[in-house]
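Required output: the full structure, derived from the provided sequences and hints.
Under the numbering used here, the first residue of the sequence shown is numbered 64, with each subsequent residue one higher.
It should be emphasised that the hints constitute simulated quantities derived from the structure, not laboratory data. Fair warning: there could be bad hints in the mix.
What the hints assert, rightly or not - The calculated lysine-lysine pairs, modelled on DSS-like cross-linking and capped at a C-alpha distance of 30 Å, are: (1) K194 x K356; (2) K241 x K194; (3) K117 x K102; (4) K74 x K484; (5) K462 x K341; (6) K356 x K344; (7) K344 x K301; (8) K406 x K74; (9) K239 x K223; (10) K223 x K126; (11) K376 x K341; (12) K241 x K223; (13) K241 x K126; (14) K406 x K484; (15) K66 x K462; (16) K194 x K239; (17) K117 x K301; (18) K341 x K356.
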Amino acid sequence: MGKLALLGGEKTVTLDYEKVGNIPLCTETGIEDAIALMKKGEISQSQSVIDFEKRFASYMGAKYALATNNGTSSLDSALFAVGVRPGDEVLVPSFTFWASMVPIIAQHATPVFCDIDRNTHCMDPADIERKITPKTRAIMLVHVWGAACDMDAIMAIAHKHNIKVIEDCSHAHGTKYKGVHVGNFGDIGCYSLQGSKLLPAGEGGILITNNLEYYERCLAFGHYDRLADLPETSEYRKYMLTGMGHKYRPHPLAIALANRRLDTLDESNEIRNLNALKFEKLVSDLDWMVTQKVYDGVEKVFAYQYFVFDNTKFEGIRTFSLLKALGREGVSCGYCGYGRLHKSPLVLQGGPWGDCGPRETPVSLPETEYLAEHAFLACPRFETECDELIEQYAAAYHKIEENRNELIEFDRTHDFTEEMKNLSGRTIAVIK
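Here is the structure:
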């Protein structure tokens, strides 16, 4: 396959992903609906938002859904709804985006970090049980990369200790656990509708629940303008004048975009899944690429295609060097931004709230810290039938294997310390 592009060779991936493997972020029907709302002047509040909530609840098989202005505010609302109060503890992984953790601090509660399973990348039920104390109010779990957590085990622990469960489903639009959409197992399920998600609104979020009181508490928390529509028997209707100090309603134009993408969510997920499995098969002979394990009964959606780099099979080189080489081959890949929240200044040094720290040393999370160094995004979401592009991506990985000695030498002679200090904590830290 020739010399590595990193060392002066020709790159392997020559097809343009944006032209061959991607689809427009906004559908034409979504754009038309957004324009129609603008023409009607419904740019702040609209019945179309409530219609979308009902449609999303029906799709998920839930009784209630409530749209918010982003996924973070849906998580914040959920924490309030299940009764998290100052001084409470909420169990959460560090292997996640900050939005799963910081709202806990914003509620003046304490995040207690649980380790993850190295194979599934999801919260380890055994460590969840070990971390429970009399102060534990809730578990904030994350269905990472579109693969579901072990919900049977986690819900058994929650019921045993009378702990509430919030499901962060930001990667899991369409993921099922034993035939049921995730988000329905815990007390509240929260979905991001941010532009990079499977159901994009640009900015937006939505939560689902089967508990009427939790739904009304979420309304009271961030949707003061809808409290007057609650029945007079609701104890939250009386707060219609003020709400609870937050304004979390979504933009109707954003919801119009998400609503039309829901039209084809199942079909799009099927294409993405088939393509992801094709790629996995094409690189299955590379023993240093370890796929994410999925629990029995889980129907995963490939929101992201993350692997683990087993560098013991590659002379111990750094993940960063691998990604540098892949990026030069034309591969769109990225370092994992997760796994560092328990070491963040907000946790260790405290913050503006004054009651969230400081802590002298970070908690030990060996599996989390391993994945923080070794998990990597191997490729973008292949949104169309694009076998040739997928084959080019697989060929790039095999080119790395064929030139492993040259890459090992490159790793030994280059220092990326300063570059790695600035890596993003986002889901993907793109390497070029």
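Going down the list of hints, with the structure as the test:
1. K194 x K356: 24 Å, holds
2. K241 x K194: 27 Å, holds
3. K117 x K102: Holds, because 24 Å separates the two Cα atoms, which is no more than 30 Å.
4. K74 x K484: Given that 30 Å is the threshold and the Cα spacing comes to 27 Å, the pair holds.
5. K462 x K341: 18 Å, holds
6. K356 x K344: Judged against 30 Å, a Cα distance of about 14 Å means the pair holds.
7. K344 x K301: 58 Å, violated
8. K406 x K74: 37 Å, violated
9. K239 x K223: Satisfied, since the Cα-Cα distance of roughly 24 Å is no more than 30 Å.
10. K223 x K126: Holds - the C-alpha atoms of K126 and K223 are around 25 Å apart, at most 30 Å.
11. K376 x K341: 23 Å, holds
12. K241 x K223: At roughly 21 Å apart (the allowed maximum being 30 Å), K223 and K241 satisfy the hint.
13. K241 x K126: 19 Å, holds
14. K406 x K484: 13 Å, holds
15. K66 x K462: 8 Å, holds
16. K194 x K239: 27 Å, holds
17. K117 x K301: The hint holds at about 24 Å.
18. K341 x K356: Holds, because 16 Å separates the two Cα atoms, which is no more than 30 Å.
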